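These protein sequences, in sequence, are chains C and Y.
Position in the first sequence counted from 1, then plus 1307, gives you my numbering.
Position in the second sequence counted from 1, then plus 1, gives you my numbering.
Note that these hints are calculated values from the structure, not bench results.
If you're wondering where the values come from, they're calculated on a predicted model, not measured in any experiment.
Glycine included, C-beta positions come from ideal geometry on N, C-alpha and C.
It is possible that some hints are incorrect.
To be verified - With a straight-line cut-off of 30 angstroms between C-alpha atoms, the simulated DSS-like cross-links for lysine-lysine are:
no.	chain 1	residue 1	chain 2	residue 2
1	C	Lys1388	Y	Lys20
2	C	Lys1332	Y	Lys46
3	C	Lys1345	Y	Lys46
4	C	Lys1388	Y	Lys92
5	C	Lys1310	Y	Lys124
6	Y	Lys38	C	Lys1332
7	C	Lys1799	C	Lys1784
8	C	Lys1784	C	Lys1773
To be verified - Simulated coverage check for chain Y against chain C, where a stretch passes if three residues somewhere in it have a Cβ under 8 angstroms from a Cβ of chain C:
no.	region
9	18 to 32
10	69 to 75
11	109 to 123
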Amino acid sequence: MSKDYIIEQLKKQIENFQTTTQTEKIGTVVEVGDGVAKISGLSDAMASEMLEFPGGVYGVALNLEEDSIGAMILGDYTGIKEGDIVKSTGKILSVPVGEMMIGRVVNPLGVAIDGKGEIKSEIFYPVEKIASGVITRKSVSVPVQTGIKAIDAVIPVGRGQRELIIGDRQTGKTAVAIDTIINQKGQDLICIYVAIGQKESKIARIVAELEKRGAMEYTIMVVAGASDPASLSFISPYAGCAMGEYFLDKGQDVLIIYDDLSKHAWAYRQISLILRRPPGREAYPGDIFYLHSRLLERSARLNEDYGGGSITALPIIETQAGDVSAYIPTNVISITDGQIYLETELFYKGIRPALNVGLSVSRVGSAAQTKAMKKVAGKLRLDLAQFRELEAFAQFGSDLDENTRKQIERGRRTVEILKQDQYEPMAMENQVAILYALTNGFIDDVEMEKVKSWENDFQKYLKSSKKDVLDLIAQKKELSDDVVVELEKAIKEFKEIYQNE
Amino acid sequence: MRLTVNQYAKALYSSVKDKSQDEVDLIVANFLNLLQKNKQTRLTKKIVEKFSVVWNEANGLVEAEIVSRKELDVDTLQKTKEFIKKKYAAKEVLIKNIIDASIKGGIIIRVGDELMDASIERKLRELRNSLVT
């Protein structure tokens, strides 16, 4: 290719270049501060329309008043000054969506921030969308395997469900969510992790961990960091949800984690107060409930006529000193289909995940549990409930009758088995095997201190020598008689080997 | 209920239209008394601004701001005036010509909150954008 040719091409392109002059609607900035601008003019701007500020910064019209508009600025607002001209774009705030987002770290506007190059997408989805209606939906019937024994057995989550993860700071809320993502490898579930006002260091750590475990291959990270303006924190869950809706419309299953919605409420409170909307309880604006209900309602399981896709939401709420009756926690608890309750006290006792099995519930998930899991989980739940009742008597030790003592011993072992290390999700068949052994008394004669190592060895043994039993459970998904026989045989064989060592 | 700037401006206009000079003086004095009574005198400046908008609208008057590289000659000015008259169905056009060399050529017409950018500067910017992508 010669130099002249390129010049010729350029000349041609410039010659053919035409612009049309159109009438644009404009306004001028009257007041700007704290990420919110007051604009006069723009008489026919729509609610939540994108506005263009000089320097390519975008904003969103939030308050439409008689002769001014209150808009939040998405991005750097330090360059915007009074008298600047604002143009309307005629577009509702939307984000790029598509397959190319998978494996990427993006900001809430869909711009890549992982340094792996620009993301180009032809398809845009509106950030705010009304949730799917009744006729398009179907009840939850397929499980999301979180890979965490305590959750999959006692508080199962189904595809299309909204399960709240709630707890104080440092109780492992994010860990539960990350383990769930890691466990989705090869499960045909696209994961979206939405970080709202999180520390950049924490986000970097999560991305590194997911990459290390090959989980970024099916994960999108939508990040609004702690240093980003509140407006970005505010739109990030909606943007993440819009990215998920693209896959929902294609009939795929999506899991979205909103980490966390308390910071989202704070960001919205900040914007509302600066926009001078009247404050209500705890200074939150009047529509704080709708803020979260419209977001979480977008999680759905669609019926076959509408593609059969699903969006499962795992919102996270951080409580202060275990207070679940504060404003935002009660709101979100009432919106979601159950909650996973993590406790500081349990965390420091060494029970990790620090799940409070008594207070955690799943309102719809058990319908989606596999038959095999259902069978072992029913017994497990009973054991735990009895143990909780008798726990207070445990200190009397030898004074107890045989039956009570047995139940306490079983309960202790159950708690021990439900402990699980971080980043070590377990497949459904392995969970069923160990829980079967537990609920049928095969572990009762193992010493308390050795329960954990017994479990580890048992899993290793199953994986190395009894792969066929695991495959059988994974394939049949129920504990029919022949499976039970095989499983019991495997457990007994292992116990012999273990005793001989 | 407190009245807004817009309501004041419209009320003032409808009471002063088709009135003689003496009557207008009286009405304006009364109007200011009313503002004082309602403790809204601080709105005066805004009402004045709004009043001129209301007045222009009612009388088919359009105020246009034209930005050009150098002062427009009579012929161009006349043509532009005609164009604006037609576009906004106005009886009269008031032109305010602003000289700004940075637009490099062409003109920018601004009427109220509408803007027509036919400057060379914008065309060059768009050309650059189309070449870059």
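How the hints compare with the structure:
no.: 1; hint: C:Lys1388 / Y:Lys20; in the structure: violated (43 angstroms)
no.: 2; hint: C:Lys1332 / Y:Lys46; in the structure: holds (25 angstroms)
no.: 3; hint: C:Lys1345 / Y:Lys46; in the structure: holds (19 angstroms)
no.: 4; hint: C:Lys1388 / Y:Lys92; in the structure: violated (36 angstroms)
no.: 5; hint: C:Lys1310 / Y:Lys124; in the structure: holds (26 angstroms)
no.: 6; hint: Y:Lys38 / C:Lys1332; in the structure: violated (38 angstroms)
no.: 7; hint: C:Lys1799 / C:Lys1784; in the structure: holds (22 angstroms)
no.: 8; hint: C:Lys1784 / C:Lys1773; in the structure: holds (17 angstroms)
no.: 9; hint: 18 to 32; in the structure: violated (count 0)
no.: 10; hint: 69 to 75; in the structure: violated (count 0)
no.: 11; hint: 109 to 123; in the structure: holds (count 9)
The structure is inconsistent with the numbered hints 1, 4, 6, 9 and 10, although it conforms to all the rest.
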